[in-house]
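Listed here are the chains, written in short residue letters.
2 protein chains.
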Amino acid sequence: MTYFGAIETGGTRCSCAIGDDKGNIIKKEVYPTLKPEITMPKIFKFFIHEHAKITLKAIGIACFGPLDLHKESPTYGSITTTPKTSWQHFNIVQAVKTAIRVPIAFDTDVNGAALGEQRWGAAEGIDTFIYITVGTGIGVGAMINNHLMHGLIHPEMGHILIPRHSSDNFESICPYHKNCLEGLASGPAIEKRWDIKEATNLANDHKAWDIEAYYLGVAIANWSLTLSPKKVIIGGGILNKKSLIDKIRKECQKILNGYLKHRVILDEIEDYIVLPKRMGESGLLGALALAEKAKEV
Amino acid sequence: MTYFGAIETGGTRCSCAIGDDKGNIIKKEVYPTLKPEITMPKIFKFFIHEHAKITLKAIGIACFGPLDLHKESPTYGSITTTPKTSWQHFNIVQAVKTAIRVPIAFDTDVNGAALGEQRWGAAEGIDTFIYITVGTGIGVGAMINNHLMHGLIHPEMGHILIPRHSSDNFESICPYHKNCLEGLASGPAIEKRWDIKEATNLANDHKAWDIEAYYLGVAIANWSLTLSPKKVIIGGGILNKKSLIDKIRKECQKILNGYLKHRVILDEIEDYIVLPKRMGESGLLGALALAEKAKEV
Chain A
3 MTYFGAIETG
13 GTRCSCAIGD
23 DKGNIIKKEV
33 YPTLKPEITM
43 PKIFKFFIHE
53 HAKITLKAIG
63 IACFGPLDLH
73 KESPTYGSIT
83 TTPKTSWQHF
93 NIVQAVKTAI
103 RVPIAFDTDV
113 NGAALGEQRW
123 GAAEGIDTFI
133 YITVGTGIGV
143 GAMINNHLMH
153 GLIHPEMGHI
163 LIPRHSSDNF
173 ESICPYHKNC
183 LEGLASGPAI
193 EKRWDIKEAT
203 NLANDHKAWD
213 IEAYYLGVAI
223 ANWSLTLSPK
233 KVIIGGGILN
243 KKSLIDKIRK
253 ECQKILNGYL
263 KHRVILDEIE
273 DYIVLPKRMG
283 ESGLLGALAL
293 AEKAKEV
Chain B
3 MTYFGAIETG
13 GTRCSCAIGD
23 DKGNIIKKEV
33 YPTLKPEITM
43 PKIFKFFIHE
53 HAKITLKAIG
63 IACFGPLDLH
73 KESPTYGSIT
83 TTPKTSWQHF
93 NIVQAVKTAI
103 RVPIAFDTDV
113 NGAALGEQRW
123 GAAEGIDTFI
133 YITVGTGIGV
143 GAMINNHLMH
153 GLIHPEMGHI
163 LIPRHSSDNF
173 ESICPYHKNC
183 LEGLASGPAI
193 EKRWDIKEAT
203 NLANDHKAWD
213 IEAYYLGVAI
223 ANWSLTLSPK
233 KVIIGGGILN
243 KKSLIDKIRK
253 ECQKILNGYL
263 KHRVILDEIE
273 DYIVLPKRMG
283 ESGLLGALAL
293 AEKAKEV
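Protein sequence lines, in the order shown, are assigned to chains A and B. Taking the working numbering, the leading residue of the first sequence gets 3, the next gets one more, and so forth. Taking the working numbering, the leading residue of the second sequence gets 3, the next gets one more, and so forth.
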């Protein structure tokens, strides 16, 4: 059996784990995301301790962004302009590599989650699909022809501009854009719009969910028109509201209005827009799957 | 020298040509797009006549869509649900293959144009970029990691939904969507909004161009956020309005508002959003480049 390390860094928690090439997590720890000087040594200690018992072939890191993912860049492996100031320009790849001395693979949290769902989840055998997470922010990872999409920087799909719901006058919470998806439909946007602490506590029949389903329906329509994915996986904290996904499916169909003439969109939308099969662990499994692809660098 | 055939079918005209592997067009004919029973025999005649003199290794077809591009599909090679009723379900690949008996490569007109610009134009050496055409319709071809993007059907980016310009109450001309780009910003939309025969005849300082630049700026912002292209090529009849591209660049920067922190977007937008280098011939050159990749099928 071959063993790998996995690190998933999120806005509030960092998870690290040892797993095998079948996607089994053998050991896992979760630490709060504080300053890197506080959180990273805990992660190092976990791996150094485990590494003494189990030989790790590589470590995969699925990290909140924006990131420098260009291998030829002098700052490859660092978190760039994040609002979390203590993590700005922190080179996480270099730090982990120095501490543990195994090959490191590195990508965004959402690309990691997409890969995790392809390797051991809802996108097994599918070469072109997207993974959406709706929580504190909105992010999307895209697999296109079996390659995770990167490009000039990396996609930042949560910030696409969308037409407003006819009855929504809420001011966007995005400091950059008045009409972007994240500014109108992320967890904090819902919570501020309805003045509530926890969005998922809003009743199933609250108007909030019609507006939310409309915005996510528009976004999925736009991404379907732009990327032509074979499947759309949508997870994140807000999707814990069980009744939401079916509303999103209906809105998306209504918005596309029969234009994309494919069976799965017209008649089998419940197989097109789906929850993650590994809800809550897609990202960490993705980091494990990234590690499998790590090369000596 | 190796010679290839190229066919570009458009809404009003079909072009066919013989070219070499350096992108030189040796002979070219243009026919009006009438019914396939009328237009196709002219194309066959052109190739059969030329084929007697020059051996063609393959023919590439860059075709208006929507298309069936799935090689394993029984209707691979056909135009599917186009509003041009006489072309509906016409299998252009089968027809050309039967008449000329060489390997055929086949893709959308916009994917063809993207490939043409990569092979011999504004995207030489770039692995991830988009090619936009704004004319009778709005279409986009995307090259991602050196692969033309297809997916479930193929992208239909012209129909993404966008927020309206604050002073635009014009009803979309798209029969499917009230707020889609093509319905608000294609040539016929401009012409209907301002009740004019030829959009490009509107004066440089007409308000029409502020609205048009806003819509195309939003669309390019959304595609930049979604696909992270390294270059955005924009052509088509409407871009013959020389003053437009600079307005689009400014709108796009204004809309992104500094969120995508990359030098080419922040400071070198004139190298990021560019006209095609082979304006007016990208599609036919793309068909030639497609032919180079044709395999015996």
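Hints listed in this document are in silico derivations from the structure and should not be mistaken for laboratory results. Just so you know, not all the hints are guaranteed correct.
Remember, identical chains collapse to one label, so a pair may be satisfied in a single copy or spanning two.
Stated by the list, open to error - In the DSSO-like style, the derived pairs of lysine-lysine whose C-alpha atoms are separated by at most 30 angstroms in a straight line are: (1) K232 x K199; (2) K252 x K59; (3) K29 x K252; (4) K279 x K252; (5) K297 x K24.
Just so it is clear, the structure is predicted and the values come from calculations on it, not from any experiment.
Outcome of the hint check:
no., hint, result
1, K232 x K199, "neither (36 angstroms within a copy, 40 angstroms between copies)"
2, K252 x K59, "neither (45 angstroms within a copy, 49 angstroms between copies)"
3, K29 x K252, "neither (40 angstroms within a copy, 52 angstroms between copies)"
4, K279 x K252, "within (21 angstroms within a copy, 43 angstroms between copies)"
5, K297 x K24, "within (19 angstroms within a copy, 37 angstroms between copies)"
Hints 1, 2, 3, counting from the list given before, are not met by this structure.
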